[in-house]
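As they're listed, the protein sequences go chains A and B.
Following this note's numbering, the residues of the first sequence are numbered contiguously, the last one being 126.
Following this note's numbering, the residues of the second sequence are numbered contiguously, the last one being 274.
Honestly, the hints are just simulated from the structure, not real lab data.
Be aware that a few hints might be false.
[Stated by the list, open to error] Sample of chain B residues at the chain A side, in silico, Cβ under 7 Å: (1) Val186; (2) Ala190; (3) His211; (4) Trp218.
These numbers were taken from a predicted model, which means no experiment stands behind them.
Glycine residues also receive a C-beta, built at the ideal position from the N, C-alpha and C atoms.
Below are the chains, spelled out letter by letter.
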Amino acid sequence: MGEKIAGLKVTPDKYVPHRYAGASGDFNPIHIDDEFAKMVGLPSTILHGLYVMGLVAKAATDEAGGDPRALKRLSVQFRGMSMPETEIEVSGEVIEADGTDVTFDLIAAQGENQVIRNATADISYP
Amino acid sequence: MALKTDAVGKSWPAHEYEIGREKIAEYARVIGIDNPVHFDPEAAKDAGFRGVVAPPMFVVVYAAGAMGPVLFDPDVEMNFAAMVHGGQEFEWGEPVISGDLISTTTTCKEIYPKDGKGFYVFETESKNQNGELVCRATWTNIVRGIEE
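So that you can see chain A by itself, here it is in the shape it has in the complex:
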């Protein structure tokens, strides 16, 4: 218990929200239109929460060796906004282990800003 996972660090460039919008179909202007984002009181366009959740899923899957079948369940709470061009760090630790079935607790943060927390991932090592 408590062992850290490798986690990941990534700095999404300013076009990531556009590419994620295209990939996912979520074209909410707060993610792709800087003028609109500022008009509704945001400092700039923000990353999609589900993109950041995708990074959390990747960190959990990578820890299990990268097999997409390994991730059985992922639950997250969105707690803050995240911005392009700022490093995101996904970190985590083992909170339960039963043979090849393991549960991670994960956080995605930009500096002190915890964008996703209380994330739990159930992994079954292949």
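Chain A is fixed; fit chain B onto it per the hints.
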């Protein structure tokens, strides 16, 4: 605005989505996933899949179309301007493979007030063309500024 709860228990007709190989690759590239099972049919078959396999979080692509119309349903009457995505849970079953036809149904599980906010909880269930469950999801949206 008082919280409207008419939609609790309501289900919506299934949304169908056919999984495309290039769409899987596009999603994987944005996230930075480079496992060849998401790009190359031979690599996927060598790993025991019927074809190119979607990363688990690709559910946001095939299930999103089932959530969109629900949020605009007059029975739900959600105030988008004050809405944030509060939480998300996915439980995965059978892998999703390029060429699969995924059918997703949505049910409104709960709408309740808490601390001046409205919590909207929806469940989607996605099955493949063989009727096998590929993903069950719980989507929680939070709307600020409601009367209790």
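Check: So which hints don't hold here, by number, going up?
Finding: Structure breaks no hint.
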